[in-house]
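The residues making up each chain are set out below.
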Amino acid sequence: MKPQTNSILKTLPGPEDITRTVLPNGITILTRPNFNSPSVVITGYLRSGSLFDSDEKLGLAHYTSLSLMRGTRRRNFQQIYDALESIGASLGFGSGVHTTGFSGRALSEDLPVLLELLREALQEPIFPDEQIERLRAQLLTGLAIRAQDTGDMASLAFDELVFVGHPYARPEDGFPETIQAISRQDIQDFHQRVYGPRGMVIVVVGAVAPAAVVEAVSAVLGSWQNPAQPDPPPLPPAQSITENAIRRIIIPGKTQSDLVMGSLGPNRRSPDYMPASLGNNILGQFGMMGRIGDVVRERSGLAYYAYTSLNAGIGPGSWEVSAGISPANLEKTIELVRAEIARFVQEPVSAEELSDSQANYIGRLPLSLESNNGMAGALLNLERYELGLDYYRRYPDLVRAVNPEAILGVAQSYLNPERLVIAVAGPDGAV
Amino acid sequence: MNHTLTKTRLSNGLAVMLKEIHTAPIISSWVWYRVGSRDETPGITGISHWVEHMQFKGTTQFPSAVLDKAISREGGEWNAFTYLDWTTYYEKMPADKIDLALQLESDRMVHSLFEPEEVDSERTVIISEREGSENEPLFILGEAVQSAAFHVHPYHHEIIGDKSDLRSMQRDDLFRHYRTYYSPNNAVAAVAGDFDTSAMLARLEELFGLLPAGDPPPHPAQPEPPLGGEQHLTVEGPGETTFLQLAYRAPAAADPDFFPFTVVDSLLTGPTGLNMFGGGGISNKTSRLYRALVEKELAVSVNGGLQATIDPFLYDITMTVRPDKTPAAILSAVDVEIQRLQDGLVPLEEIARAIKQARALFAYGSENITNQAFWLGYAEMFADYDWFVNYVDRLAVVTPEDVQRIAQYYLQPANRVVGTFIPTRNGGSAS
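Chains as they are written, first to last, in this note's numbering: chain A, 86 to 516; chain P, 178 to 608.
Among the hints, a few may not be true.
Not everything, but these chain P residues come out facing chain A in the computed CB check (under 10 Å) [said to hold, decoys possible]:
{"hint": "1", "residue": "Glu197"}
{"hint": "2", "residue": "Thr200"}
{"hint": "3", "residue": "Gly252"}
{"hint": "4", "residue": "Gly253"}
{"hint": "5", "residue": "Ser298"}
{"hint": "6", "residue": "Gly405"}
{"hint": "7", "residue": "Gln408"}
{"hint": "8", "residue": "Leu410"}
{"hint": "9", "residue": "Gly414"}
{"hint": "10", "residue": "Thr463"}
{"hint": "11", "residue": "Tyr467"}
{"hint": "12", "residue": "Ala469"}
{"hint": "13", "residue": "Val498"}
{"hint": "14", "residue": "Ala540"}
{"hint": "15", "residue": "Tyr541"}
{"hint": "16", "residue": "Arg582"}
Partner residues are not named here, just some residues of chain P that face chain A (Cβ under 8 Å, in silico) [claimed, not checked]:
{"hint": "17", "residue": "Pro271"}
{"hint": "18", "residue": "Glu306"}
{"hint": "19", "residue": "Glu308"}
{"hint": "20", "residue": "Gly309"}
{"hint": "21", "residue": "Thr418"}
{"hint": "22", "residue": "Thr576"}
Source of the hints: derived by calculation from the structure; they are not laboratory data.
Every value quoted in this text rests on a predicted model; they were computed, and no experiment measured them.
The C-beta atom is built at its ideal place from N, Cα and C for all residues, glycine as well.
Could you put together the complete structure from these sequences and hints?
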């Protein structure tokens, strides 16, 4: 072992350099200093995601989160953004299924400005009519662009099929008719009812001492209360996939088709996660997009991109292959992918493939934590998935503990080449 | 932070830029070549980008399959980019593994094989890459606008090249381009991170010092005459959304006018972050055009950008048109704002604000080693590293008179192309 290995381990976040504090109102603060650059990043979430949305008003959680900075009791829209932009800072919100996320950055001297704007947006938004309508027009245009985007539409169709009957089947940004159905009052009610400090997490990474971070966050958010804040609705299990399902979306005039195919996957906290993740790396990421990239791009020249992804979160996950291809090559690509999946569930990965991917995972970890943003995201994941503050120190051992049989086991649990969900969006063309 | 910076040149002409940064056990290494779409003539458009792809197809020492895995196995990241003026290759590695990247770059500077079957397979990959872009309305519009803005200069064509050329180019064309432009005297090696400068320099001397210098490569680009009048064009394609793009002929990066133009860009459409590798952006909601177009409900969004290039390129402003508004109405509103800049002096505070934004973007960019290494070579491609070092100081001396002069000189209708993307399936609204 070269001496550098120790110094790499020391750069990984751990219990003695992460400060974690829970305020009496339920807000968790995580912070780790970095004085190498005079800047600071904040990120975090609240439990106000689209799980609360009805089907008729799908997109309400997302719409609400985007409305928070459109005007507060103290400042109008232009004043809010003037406060941010005049100091080169940024702050933004958005909602997923489980949570409303926020992130921002500033020069470290300006952290108080950022935190005060965060507080105002969370506690004192006034949702001006004119702003809500302007935002509605922007959201509808975004959905119109989405409807013409082959990648987005293939993903949307894939989620509808693979998560049929489950909240994950629904896009958190809604549909044109559901966005039209949402009133200003709905937004205000949603904010009043669902937003609150319980379960909120805020991560601060940058050139600010931990004690100062805790003090500053407590000062602005410590007195926030919402006694009636509801728990998120329970999440049902996903229905298993019993047969091949194919959906084609025709978008006339496009040149290329986007293909998304795959199956369900493990959640982030499942013991299946690490073997599935390493297996996924071998299947469609390592080097030039793994085995799938090799067969589809390198050997067949069928696509510029063809890769796999394992999407593992709070609830059931998905295991997906994505490729952008000429419509003429669609069937050929599907069969090549299916054959690779068949091989993946029939025979264990080689020892060399696994050790390559293990080395990749362990080696790249410090690289991904280099920037304040990368570090903040990593700390947020510790909290979101309850991984423990020592997770990144344990990580190399967790990676090394996976063997080829474990990967084969999870591959067989989640993937079946004869029961795949296939979604294609692109120009008309015979399959 | 003060870091040791070394700038030198090996006897074969290879420029070397080194910056020691000991904040993390990481090294980022880059090799830049002075070749891009600027050096292409009709018939071989896209050749620089295709050569970049071929650089991943192996040498005798590092066959493609080996090459592919070697970096990933060490936990490294690598990639390459082809731009108007340059092509660059980078690796980000744990500090104790960097030698592999240096060996690889030295080897493929001269020893890439360009096997005919690899060329054929890559042809379809690159056509697929282009067809993926053709799915995007903004690619179709941008390509048309760029080609209308230049008639003589190779900035006329997209970096990826014209499809007919991608179909017709042959292995020997590619190999000739490689041998012409890939030589130490046409390259910059830039390394930043956790190393000792004298040891790194000695290693670069060993690996690169004996590579033979090539003939000075040709740069055939001829100066573009003035546009000679406003050009209007429309392109049609599938979609529901209309886009408007204005492209003004802009100064080269080394031109003193570039700096006041940067302030003009910041005032009109918000600051353009020149960091390509981290740092994030700043929103533009208080910019003059956002207020005039989005706040006035003519457009859904507006963005603008100035590129740092060797020869004069374009300042583009791209707007998403609201379904109930016309491109003509937007164009009039843009012209009113430009007229304001031409007719009066902007307040000093507005310029000071643009400078604070630039300072913040620089601080964000200095968070990560990759971005710092990127600047070592990038700035050398169109000016020199001092351009980057002095950037904020040169912005700081911009006066209201400079801003007015830039607006009067460059932002004339006769100096612009006005392009409109008209959706062919235009329902008039998103619902």
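Against the structure, the hints:
{"no.": "1", "hint": "Glu197", "result": "13 Å, violated"}
{"no.": "2", "hint": "Thr200", "result": "4 Å, holds"}
{"no.": "3", "hint": "Gly252", "result": "2 Å, holds"}
{"no.": "4", "hint": "Gly253", "result": "7 Å, holds"}
{"no.": "5", "hint": "Ser298", "result": "4 Å, holds"}
{"no.": "6", "hint": "Gly405", "result": "33 Å, violated"}
{"no.": "7", "hint": "Gln408", "result": "25 Å, violated"}
{"no.": "8", "hint": "Leu410", "result": "19 Å, violated"}
{"no.": "9", "hint": "Gly414", "result": "6 Å, holds"}
{"no.": "10", "hint": "Thr463", "result": "5 Å, holds"}
{"no.": "11", "hint": "Tyr467", "result": "9 Å, holds"}
{"no.": "12", "hint": "Ala469", "result": "12 Å, violated"}
{"no.": "13", "hint": "Val498", "result": "9 Å, holds"}
{"no.": "14", "hint": "Ala540", "result": "5 Å, holds"}
{"no.": "15", "hint": "Tyr541", "result": "5 Å, holds"}
{"no.": "16", "hint": "Arg582", "result": "25 Å, violated"}
{"no.": "17", "hint": "Pro271", "result": "6 Å, holds"}
{"no.": "18", "hint": "Glu306", "result": "4 Å, holds"}
{"no.": "19", "hint": "Glu308", "result": "4 Å, holds"}
{"no.": "20", "hint": "Gly309", "result": "5 Å, holds"}
{"no.": "21", "hint": "Thr418", "result": "5 Å, holds"}
{"no.": "22", "hint": "Thr576", "result": "20 Å, violated"}
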